[in-house]
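Going down the list, the sequences are from chains A and B.
One point on numbering: in the working numbering, the residue at position 248 of the first sequence is 248, and numbering is uninterrupted.
One point on numbering: in the working numbering, the residue at position 281 of the second sequence is 281, and numbering is uninterrupted.
Derived by calculation from the structure, the hints in this document are not laboratory data.
Any given hint could be a false lead.
[As the list claims (entries may be wrong)] Chain A is faced by these chain B residues, among others (derived, beta-carbon under 8 Å):
no., residue
1, Ser69
2, Asp223
3, Val224
4, Asn225
5, His250
6, Met252
7, Val254
8, Glu277
9, Gly290
10, Ser294
11, Ala298
12, Thr299
13, Arg304
14, Val306
15, Ile308
[To be verified] Cβ-to-Cβ under 8 Å is the rule here; a few derived chain A residues that face chain B:
no., residue
16, Gly162
17, Ala191
18, Ser257
Using N, Cα and C, we set each Cβ at its ideal position, and we do this for glycine too.
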Amino acid sequence: MPSTNLLEVTDLTRIFPIGGGEGGRQRLTAVDSVSLVIPVRQPTMMSVVGESGSGKTTLARMILGLTPPTSGAVLYKGNDLRRMSRAEWGQYRREVQAVFQDPYGIYNPFYRIDRVLTLPIAKFRLANFKAEADKLVDESLRAVGLRPADIRGRYPHQLSGGERQRVMLARLYLLRPKLIIADEPVTMIDAAVRSLFLNILLDFKETYGMSCLFITHDLSVSHYLGGDLLIMFRGRAVERGTVDGVLSEPAHPYTRSLVASLPSADPRHRWQDRIESVISGREAAEETQDRCLYAERCPYVTDRCLAERPGVHQVRPGQEAACFLYDAAGHDLPGRAAVTTIRSGD
Amino acid sequence: MTSPGSQGVNTPGALPNSLPSVGKAAEAPLLTVDSLRIYYHSVLGEYKVVDGASLSVRPGEIFGLAGESGSGKSTLVDGVLRLIKPPGYVAGGQVLFRPGDSLNVTDNLPEMVDLLALAEGDLRRVRWKHMSYVPQGSMNALNPVMRVRDQLTEGILAHTTMSAGEANAKAREVLELVGLGRRVERLYPHELSGGMKQRAVIACAIALRPKLVMADEPTTALDVNAQRAILQLIHDLRRELGITVLFVSHEMGVHAELVDRMAIMYAGEVVEIADVESIYIRPLHPYTQGLIGSIPHATGERKRLVGIPGMAPSALTWPEGCRFHPRCSRAMDICRTSAPSLAEVQPGRLVSCHLCQPPAHPGNGTGARYQGQAASSGEGARRDA
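Start from the sequences, fold in the hints, and give me the full structure.
Laid out in C-alpha cells, this is it:
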C-alpha cells in the first residue's frame, strides 16, 4: 500500500528514567506525543524550533532510529521503522540522511576527510571504478562550494567548522536522500558561513527535491528556510503552522514570547517595551503531566491550565496551538496587543 | 557630508586620542586599546591572535565588539584584563584605563593607568573594583559547592575592608539589583536556570560598582527569552549605575538591540568602528558589509543572504597586505601588498580599508570617488541579499 506521506510521526513519546528521587525512579518525558507529517508529493521544508531541553534532538534521534521510542511510531513511506525488513531498513538508511550539530564530533580524527565521501560510495555502490568514485567525490565537493584540492587528503582538524559541515552536505549531494534530518547544523558555525550552508540546503530542495526536517533553536533561521514550523516546549508540540503564519501571528503564549524576544538586527527598531520574567506562581499541586507545562510562565494562566492537558485547537486555517485560549469558538485574546506589538517601527 | 580627505591623517597607531567629539563624548575615553598585540608561542610559530587592534570606549557607553570566531575578540578582552597565560604573551601595544577620581583616592591609583605596565599587586586593586569581567560560558564561572550569596560575599570581603555583615548585606542588595530575590540567594548554582546563573555572575561583576564591565558573550548559551532579559538587565544597570560596558558577541542581532557604538574585528585587527546605526545602515568596510548581509531576519520579506565566501585566515600566517583581501570581492592591487590602517574617514567613523582611505598625497579626487562607491556597494549588497 503506497503511502501519501514520506514521513509520518504519530504520537511519538520518549520517557527517560533519570534515577535519583526518593523511593523510586524519576522519569523525564523528553518527547510527549509529538506527531508530524512530511508529504511525499512535494519537497517540504519543516523546522522544529524549541529551547534547549525541549526534546528536539530526542525527536530527531527517534526519527533516525537511533533512540527507540517509548510509544508511538515513525512511519517511512507507510512502513513502521521498527517493523522494517532488512531491505526496507537499508533503503531507509540510504534515503534519510542526518546532519548533526557538532562538526567536530562526527568525524573520526584518524581518517582523512575523503573517507566520509568514499565510504557511502562503496556502501551504496555509487561508482564502479576508483576513477569514477574520485570524480564523484570532486563533483560533490564542488557542488557545495568547496575546492576538492583544499579538502581531499586533509584531516578533520585541518578544516574549519563551516567546511566540515559543508562536507556533510557534499555527502548528501552524493546520496541524494529523499529526506534530510538536520539537527542544529548551523549553531556552531559563523554567521557569514551559515548563510552559505542554508543556501545549499535550499538549493538541494529545489534542484533535487530533498525534503528537510530542520531542527533549530533560532527562529530567524527557520524564517530564512521557510516552509512549515513546529514549536516545541518541554517535549510537547505547542504550535504548528507555516513559518510565515506563525511568525507574523504567533498564537501560543510561549511562541509569542519567543517572537517578542527575537533581536531585530536593526538598531532603528529596538525593543520598545519591556519583558518581565513572568512567574505566575501558579503551580500544580503535584507533579503531573495532565496540565499545561507552560502554565508557570504564562500570563493567561487559568485554573484549567493546571488541571487539564490542553488539546490542539485550530487558531486559523493552517495554524493550530495546544492552548485553552483557542478552545472556545470565538476566542478573544486577553491583552493580546500588549504582547505582539513589540516594535514601534513595523 | 564631510570629505574624507579633510581629516584622519593616515599615521599608523595614531588612532585613539584623536577620536572625534560627538555630543557628550568629548570626554576622554575610559578605556583605550592601542595597537594591542597578543601572540601565542607554538612549535609552528607565533599565533598572532590579536595583532594590532585599537579601540577606545567612552565613559557611560555600551560598546560592542563583534567578529566571527577566531577574530580575537575574547583574547583582546583577556589582554585588557591581563589574563593572558603562557604560551600567550602581550607582544606590544598599550592599554590605558582611567579609573576615575572618586574611587582612586583610597587605592592610590593615578588618574590614568597603563594596564599593561601595572605590577601584579596594583592590578588586584584595579580588577573588580574598577573594572570587572563577565566571562564567556559564565554558567561555569560559579563555584558549584557554594551558595550564590556566599560567593558574592567572599569576593566583596577579599576586595574591600567591609565586615562580614556589611558584605553580606551588600551581596543581598546586589542580587536584588540583578533581579534575584531572597529565594535565590541561598541556592546553589545547580539549582538555578541558565538565565539566573548569568544574573548571578553579573551580580558579581557589578558588586563593587566598577567603572567598566567587560561582558564576553554573556547571552550565547541562553534561549531567546533569557537572552532578552539579560540584555534588558545590562541596559538597566548602565542607566542606574552609570557603568560602562564593553560587550563582546558574535551575534550581530544582539548588538543591534543593545550597544551605542561598536567595533568589528577581523583577523586580530579592528577593521571598523562607528555608532551602531552607521554599522547596520551604511557599513563601510567590505567585511562589515558581508556580516550585515549575513544576518537572517525573522520577519519581513525573505531575501537570499549572501554570506562571505572563503574561510577565516589562520592566526599563524595572516594574509599579506589587507588581511581580508582573499575574501574581498572588491580587492584591488594595493590590497594585496599594503596593509590599510584604521583611519577616520568620516566624523566618528574609523575604517581600515584602502577603499575608504584618503590618498596619502593631497588631492581629494580619489577620496570623493570612494564615497559614492561605498554607498552604492553597501546598498547593492543588501539588495542582492
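Broken hints, numbered, in rising order?
none
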